[in-house]
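Peer 1: Below, each chain spelled out in residue letters.
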Amino acid sequence: MISIEHVSKSFPGVQALDGVSFSIADGEVHGLVGENGAGKSTLIKILSGIYPDYVGNIRIDGKPSRFTSVHDAQNHGLATIFQELTVIQELSVAENIFLGREPVRLGGILDREAMRRRSTEVLEFLDAPLDPRTSVGKLSVANQQIVEICKALVLDSRIIIMDEPTSSLTEHEVRQLFLLIRRLRDKGITILYVSHKIEEIFEICDSVTVFRDGKHIGTMEKDRTTADEVIRMMVGRSLSTMFPPRTSSKGELLLSVRGLRRSGEFQDIDFDLYGGEIIGFAGLIGAGRTEVARAVFGATKLEAGEMTLYNRHSRPFRHPDQALSQGLAYLSEDRKGEGLMLQLTIRENMSLSILHKISRSLFIQSSKERELVSSFISKFKVKLSSMDQLVESLSGGNQQKIIISKLLLTEARVFIFDEPTRGIDVGAKYEIYKIMNDLTAEGKGIIFISSELPEVLGIADRIFCMREGRILKEFSRQDASPEAVMRVLLGGEAA
Amino acid sequence: MNNRVFNPRATSQVRTLLILAAVNIIIMVALSFLSRTFLTYGNMTAVMMRMSELAMLAIAETIVIISGGFDLSVGATMALSGAVAGTLYVAGISFPVAFTIALAAGVAVGALNAFLVVALRLQPFIVTVATMSMVRSVVYALLKGNVLTEFPEGFLNLGYVYLLKIPVIFLIVAATAVLVIILLRRTIVGRRIFAIGANERTAFISGIHVKRIKFLVYCLAGLICALGGLLFTARIRAIIPDAGLNAPLEVITAVLIGGTLITGGKGSVIGSLLGILAMFLLVNGFNLLGLNPFWEVIILGIILIYVVGQESISRSFGALINRRKSDRPISTS
Amino acid sequence: MMRNNNSQTSIDASVRPTQGSWLRRFFQVREIPILLYIIIMMIVFSISINGFLAVKNFENISRQITTIGIVSVGMTLVILTGGIDLSVGAMLSFAINIGGQVIVQGWPIWIVYPFMLLLGLALGLINGFLVTRIAVPALIITLGTMNIYRGILMVITKGRYITPIPSAYSALGHGFVPFIIFAVILGLFIFITLRTRFGRNLFSIGGAEQSALYSGVPVRRYKMIVYVISGLLSALAGLILIGRSGFIQPQAGTGYELNAIAAVVIGGTSIFGGSGSVLGTFLGSVLMALILAGLTMLAVNPYWIGLITGVLIILAIAVDSLRALRK
Chain E
207 MISIEHVSKS FPGVQALDGV SFSIADGEVH GLVGENGAGK STLIKILSGI YPDYVGNIRI
267 DGKPSRFTSV HDAQNHGLAT IFQELTVIQE LSVAENIFLG REPVRLGGIL DREAMRRRST
327 EVLEFLDAPL DPRTSVGKLS VANQQIVEIC KALVLDSRII IMDEPTSSLT EHEVRQLFLL
387 IRRLRDKGIT ILYVSHKIEE IFEICDSVTV FRDGKHIGTM EKDRTTADEV IRMMVGRSLS
447 TMFPPRTSSK GELLLSVRGL RRSGEFQDID FDLYGGEIIG FAGLIGAGRT EVARAVFGAT
507 KLEAGEMTLY NRHSRPFRHP DQALSQGLAY LSEDRKGEGL MLQLTIRENM SLSILHKISR
567 SLFIQSSKER ELVSSFISKF KVKLSSMDQL VESLSGGNQQ KIIISKLLLT EARVFIFDEP
627 TRGIDVGAKY EIYKIMNDLT AEGKGIIFIS SELPEVLGIA DRIFCMREGR ILKEFSRQDA
687 SPEAVMRVLL GGEAA
Chain F
-9 MNNRVFNPRA TSQVRTLLIL AAVNIIIMVA LSFLSRTFLT YGNMTAVMMR MSELAMLAIA
51 ETIVIISGGF DLSVGATMAL SGAVAGTLYV AGISFPVAFT IALAAGVAVG ALNAFLVVAL
111 RLQPFIVTVA TMSMVRSVVY ALLKGNVLTE FPEGFLNLGY VYLLKIPVIF LIVAATAVLV
171 IILLRRTIVG RRIFAIGANE RTAFISGIHV KRIKFLVYCL AGLICALGGL LFTARIRAII
231 PDAGLNAPLE VITAVLIGGT LITGGKGSVI GSLLGILAMF LLVNGFNLLG LNPFWEVIIL
291 GIILIYVVGQ ESISRSFGAL INRRKSDRPI STS
Chain L
19 MMRNNNSQTS IDASVRPTQG SWLRRFFQVR EIPILLYIII MMIVFSISIN GFLAVKNFEN
79 ISRQITTIGI VSVGMTLVIL TGGIDLSVGA MLSFAINIGG QVIVQGWPIW IVYPFMLLLG
139 LALGLINGFL VTRIAVPALI ITLGTMNIYR GILMVITKGR YITPIPSAYS ALGHGFVPFI
199 IFAVILGLFI FITLRTRFGR NLFSIGGAEQ SALYSGVPVR RYKMIVYVIS GLLSALAGLI
259 LIGRSGFIQP QAGTGYELNA IAAVVIGGTS IFGGSGSVLG TFLGSVLMAL ILAGLTMLAV
319 NPYWIGLITG VLIILAIAVD SLRALRK
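Residue numbers (our numbering), protein chains in the order written: chain E, 207 to 701; chain F, -9 to 323; chain L, 19 to 345.
Honestly, I wouldn't trust all of these hints.
[To be verified] Restricting the straight-line Cα-Cα distance to at most 25 Å, the calculated cross-link-like pairs of lysine to any residue (SDA-like) are: (1) F:256 / E:540; (2) E:507 / L:336; (3) F:256 / L:153; (4) E:344 / L:341; (5) F:134 / L:50; (6) F:201 / E:468.
Worth flagging that the hints you see were computed from the coordinates, not collected in a lab.
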């Protein structure tokens, strides 16, 4: 039995977990749900030993436990199967199962016989007839996951944490996984099943804990609660104070897309964007929203579909340069990896997309650059000492403002903001919402992608629900309630 | 808002340059005391001349590394241009035409590198190792292993023409350096090169045609190396098949010492040139002092590891010392 | 507990052991393509050249393979872990030149040999220490140590050759001895990379270092060891080299690093680490030597060797890149 007592953990600017307390009973399958940013993965990392420094206590079977490393946690019987699989492609199934703890004979020679025997035992127990000699790289993702589970079993784990285990599995493979889980539970192993998929939780778990914004909201036995109640606990907050007041007025048609398709990512995407409005795209991770955005922006290639921008029929963009020059800008969800150049200065970052505007023929006009950059710095009240500072020295919120300024400098009228407030503190979030409001007040249009449902509900004028690459339903602001939207996202209610 | 030119990055970069310049000056001062002939016009111009081709290679390599790439084929390209020019001239082609084709050959090598790195997305290190041996092989084949020495009068003297008492070769190098510096610091293309080196994905999402610019970078590097090869030929009045054989390592060392980051996005042509100068001063100094010039390579190796790893070195040695203290395990209570 | 019969029909084909298709499995072995190239090359050459299949010819080819081949084995291990070692040639030269200084002073061979090997080991240890302790890419570190080692040996030897050396030293370089040593080293390291915990874990370090670390693989220690092995094998190759040539020169080993890398890459080991094989490297060096010999006999201008080597390397990495992309 695991007892989590007043556990908190913070990172610069973000309180990931705030005084979380609950218990997991012995031998049960315990579900942990919450939206992105709710604190699930932080808790997993704490339990796994990746973050040994946290506030609070964790007791396992009554004994206080604070794991200093992953290895330490494994030695104490706790194994984690992460969403990103950690198997080594080149090695065989058996070698992966025994990674780091291979049984050896004299001289460091692998005891292959023992490995094969034990692997076969464990595989048989899971009813997965994999050949221990197969190279893991040749297996499907579902089978690779089975190898990871075997690894946990061979370590004599009594607790197994599964982080979003079904994100890459087919329906059928999910069924098989559930069979495995039941088998594990029957053996007495405690399983912490972390997921945002409510229907799965209700199928396989014995009880469920809900997190929201780093806090523990509730722990209930499955039979004593309903999906609706869980959803309500996941998203319910007072929305009124978090968002600046917004009046929207529909202007001219800015962007219109029909029949967008990219196989494996999305299909049949139709929507319109009018000036002055913010349309929100809600969905779970993997729904395909970012993929749509990137294809519209020209970062990836569209296989089919039509686009009309500013009433001029445009061919789909083949390069971000085309989109930017036509007035469509994209704010990437990966701020560090695609939004900034950390080693360069604020000024250089901001002017990157408008170099031709600040130059005369080939040469950059330094004065013009400074002028434009400082106008936005003061407009958004970014806190810095000088525009020649390195951009990595800024806080997340200020960094985001710089990137938004960069886009605004391109004088675009259609913006795609992909998770713009991810990893940003509450105060800065508010400022970004305000910026979005101001933009639309000027007649511009914003496509707003976010995995935080309250945000979408609080800001967007219309909400599109996406799941597995398709738009399922469109809500207007009045009709959208957290439960209704969630139900569509999770349960596949058709439009 | 503060408009003072306070730039932390420029400060640390300027600091590196100043240190490097100071080192150079110290060496020069020391050597001028130890040897009568060091600070003479004759010696100084000899040093500058000998530096010229490596300086060109360093300029080329700096551009490539700033863009996030890597080019080991610089020495081979340098040899190629000489070989091409010489072979064509011997075959009766007029000198200016041979000269132009030689430069084009350098661009061609750059284009080959660019194709493999950009279009096929192969790792620059291995690609340029391969192209290096390919180009070197072409050089040997063209020259059949011989050294060529037939040249038109005018060209032969180029190495010894002086403009206001400065060797023309040196002026060409300086002009190239100035042009490249202007390109990198003041033009749109230059800014984009830095951007690509700093974060290629961001550059792409910001609308930069990454592939095109990388292509340009490698071709330009090829051109500059080819030009350097012609200068080399003018200087020694011969075409050697082994020209530039050891160049890649020396050049890359100089570029990294000069403050250019191996990962790209940050760099300085002046730093690279100071690095080359430091190398030559050391060798020259050692020669004059009768010391074994190979101390230079040793020192360079140490400096290289130190410069690239300075932060990490102080951190890890500090940690090594502190590890004794914090070896107590975090309590499992 | 009930066995779900449906699960049988749904297990994908990759799980069912491939019965009856040993042929298919044969072709999936990594080293097969390059073995095929070798066989094809041999057929082509033996048809177009008279006397290609003569034993004498093979002796010549093999002689050169042994020294570079041994160095390449060490390089394979280093590259498997995701690193690289540019200092192999310098380490070889250092070991034989500095070690050689004591030959002149009359030390007996049974002290000199271990001394040289020890030097190689020490230099490898320095490499390993720097690579694992400083957050600088192995490329740069070994570039630096390459210069440092060569520089030091040049200072100590003052550029002079060591000659003549006692005939006892030529034992390692003549007859079958080099081949035997090479074969032993090959066999040993093929065994290590296939059958020992250390060897198998090298793949995990190169393939997914963080996973390996989390699983308790002693990453730092293993990385140190591969660099030490590289140094040791470089010194060993040096011993054979002096046996063959009869003298010791400071320029020994020049270019060995690039040749070794070429053999490794052509042999199918990924330059990023995590996949490859020692056997593949051996075949890579065989292929290179074969082409060299064949072209020489065809009286093809020897200068084109570099071109062909370059093309082979590019083909090899392009294939590797395609394989990685398809994942």
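Peer 1: Next step is simple, just say for each hint if it's right about the structure.
Peer 2: Checked hints:
1. Simply put, residue 256 of chain F and residue 540 of chain E have alpha-carbon atoms about 22 Å apart, close enough for the 25 Å limit, and the pair holds.
2. Distance restraint check for residue 507 of chain E and residue 336 of chain L: the Cα-Cα separation of roughly 24 Å lies within the 25 Å cut-off, and the hinted pair is therefore satisfied.
3. Pair hint residue 256 of chain F plus residue 153 of chain L holds up; C-alpha atoms about 18 Å apart against a cutoff of 25 Å.
4. Straight-line distance between C-alpha atoms of residue 344 of chain E and residue 341 of chain L comes to about 13 Å, which keeps the hinted pair within the 25 Å bound.
5. Between residue 134 of chain F and residue 50 of chain L, the direct Cα distance comes to roughly 37 Å. Violation of the 25 Å bound is thereby established for this hinted pair.
6. The straight-line distance between the Cα atoms of residue 201 of chain F and residue 468 of chain E is roughly 23 Å, inside the 25 Å bound, and the hint therefore holds.
Checked against the numbered hints above, the structure violates only hint 5.
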